[in-house]
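Peer 1: From first to last, the protein sequence lines are chains Y and H. In terms of this note's numbering, the first sequence opens at residue 26 and continues consecutively. In terms of this note's numbering, the second sequence opens at residue 26 and continues consecutively.
Read the hints as simulated data drawn from the structure, not as lab findings. A quick note: this is a predicted structure, and the numbers were derived from the prediction, not measured.
Distance windows between CB atoms, simulated:
hint : chain 1 : residue 1 : chain 2 : residue 2 : range
1    : Y       : E239      : H       : D69       : 44 to 54 angstroms
2    : Y       : H214      : H       : Q63       : 30 to 40 angstroms
3    : Y       : R339      : H       : E349      : 45 to 55 angstroms
4    : H       : A196      : Y       : P235      : 57 to 67 angstroms
5    : Y       : Q285      : H       : E349      : 21 to 31 angstroms
Here are some chain Y residues the structure puts well away from chain H; computed CB gaps all over 10 angstroms:
hint : residue
6    : I40
7    : A60
8    : Q63
9    : G84
10   : R85
11   : S174
12   : K204
13   : L226
14   : E239
15   : R262
16   : T335
17   : R339
18   : V352
Think of the CB as a built atom: it goes at the ideal place given N, C-alpha and C, for glycine as much as any other residue.
2 protein chains.
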Amino acid sequence: MASLQEVARRAKVSIATVSRVLNRSDKVVPETRAAVEQALRELDYRPSRVARRLRMNSGRAHLVGLIIPDIQNPFYAEIARGVEDAAYAAEYALLLCNSDESIDKERFYLGVMRDESVDGIVLPPFDETDAAVAEFAKTGIPIVCVDRSLAQEKTDLVEVDNYRGAREAMAHLIAKGHKQIGLIEGRSHVSTSRERRRGYLDALAGHGLPVRKELMRAGDFKQESGRVLANELLDLRKPPTALFVCNNLMTVGALAALHQRDLRVPRDVAVVGFDDLPWAEALDPPPTVVRQPAYDVGRQAMELLLKRITEPGRPPVTVRLLPELVVRRST
Amino acid sequence: MASLQEVARRAKVSIATVSRVLNRSDKVVPETRAAVEQALRELDYRPSRVARRLRMNSGRAHLVGLIIPDIQNPFYAEIARGVEDAAYAAEYALLLCNSDESIDKERFYLGVMRDESVDGIVLPPFDETDAAVAEFAKTGIPIVCVDRSLAQEKTDLVEVDNYRGAREAMAHLIAKGHKQIGLIEGRSHVSTSRERRRGYLDALAGHGLPVRKELMRAGDFKQESGRVLANELLDLRKPPTALFVCNNLMTVGALAALHQRDLRVPRDVAVVGFDDLPWAEALDPPPTVVRQPAYDVGRQAMELLLKRITEPGRPPVTVRLLPELVVRRST
DNA sequence: CGTATCTGTGTAAACGTTTACAACGTTTTT
DNA sequence: AAAAACGTTGTAAACGTTTACACAGATACG
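Could you put together the complete structure from these sequences and hints?
Peer 2: Right, here's the structure in full:
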């Protein structure tokens, strides 16, 4: 609550001098510095981040935004941890918001970020043509995309090689002898969905297997849609013998559907999921998944953002991390 | 980027008038109002939250803080969702931080909240005697505690009846015939731990069962400690036939330990956990747990905070929600 | 018709910083 | 010894708002 004014009064100097002491300016003689520092201590002075942010040019607020589509999804929670740790290490505060996979909420929070004059933001855009993010980009505030990319805007980006992950998952299933493989993908205009589907299709083609359109279903990344779509696939006249499920929550949903039908995994139906699950080992059965290095995605995104804040002119870079197939007992 | 100045210039009025239009003051004649509104639109004006916060008395920043011990713990993620939804509904922005169960990180983020002049904060204190929170309380910024309570400070509080939950869990185990029941609790000076232990002890006493000190172990709420402590208990000369594990992550750890030893649950050892798990049904076996209404805890905490912000004088209230025993197949 | 009241708008101060610039005393240079 | 340079500190403006107060014009009232 103590302001520069009060400190200055107590130390019998001007507010400018106090400010100089605070900002480590060398232009202050040891005596006065000592006096000021004592006053600082006595009043337990803490600078107002708000006043500082108002005064300073952008890029020095030490505040960045993170918008997450679903904080209850362990994949995003892990990204958030990566971002947060890197931010904390650099003494940046983090404005973390949850858009609930809703473009309106995303727009609302982007507005907040803008109006709070954050130094930059990290987010997985709603989809490839996200207009809200495009609009935000006009402000010139740095953006780093994670997980999902944008079709139009050129921003820094940290993503995972989704195509490769999908190919590996499919190669694994095909090697196990599966020929009828169902695909449960996410919202189709999200870049990750597109890449994973491409991996699915290319893998089939690469092994001379036919594509059956009815084996491909698009959900919304939520558990319930995994359950529903798995059921749809299993109700087919010629049901798949294996499922490739394109995110963690839908994988759990699909597993639940299989349990409910008393199908044995992997004997009756094999399952490979995308994204690791935190308690994979305790699941029944522990699922084979394509693990994404979510923590690193977050950490590197934040580091990229910090670099861009200090050096706004640098060309946008894309960091592509490698996923890893973790074979457990669902295949 | 457009400021009041620019809008005023374009509408050929003073900045005061623009401000009045924005704040719905009735003291402005329709004509000028229209002119101002047009300028507002043309420039796509958005007020700076920073400048506004600097100018206004506290309590009107429309910004609140939430400090969570572990955002990757589904229990806290659910609380966060509750807080966030209530905040969003009231058009409050949320500064969400993750303290990682570390008192230093908590102190850092409390500092940020203070320096950002938030209108109030929600958090589960590190422990009952949390000095960082006590210090924060001196600023007069409203605090609502969730989940855990404070011994000294009188703040609003939303908690769950932990004692009752523990009694129910224990009654259930005892009814199943268990007489040697191991306790895996969390950090001991956290209020929830104390209450759950009290429930454990009273339940034993209430059913005429002896207390065996060596059956009681304290962990740190993390999965690993659940695994380690379960192993310790099972290594006892006279091991327990049932485990009461006092949070979700430790329950998963305990389950993992049991699996590793090839013990059948519940035949060899029964398990009751505290906190529900998001994919409980997919776990092996689906665990019996004391479910806490985490979402409601968060939502009501935020609502309490909003009330306190608008009406700072009101006496602190405690909301106590009821847990629910969800019987699945681990008992 | 002069004064009081009301209505709408403008002026300026305030919030708490940072920083360009001025000011002043001291030291160096010529 | 006067001029120049330097080093330390203070003054004041600026960031973008809100709002108390002043002010001017219109309306009401005696």
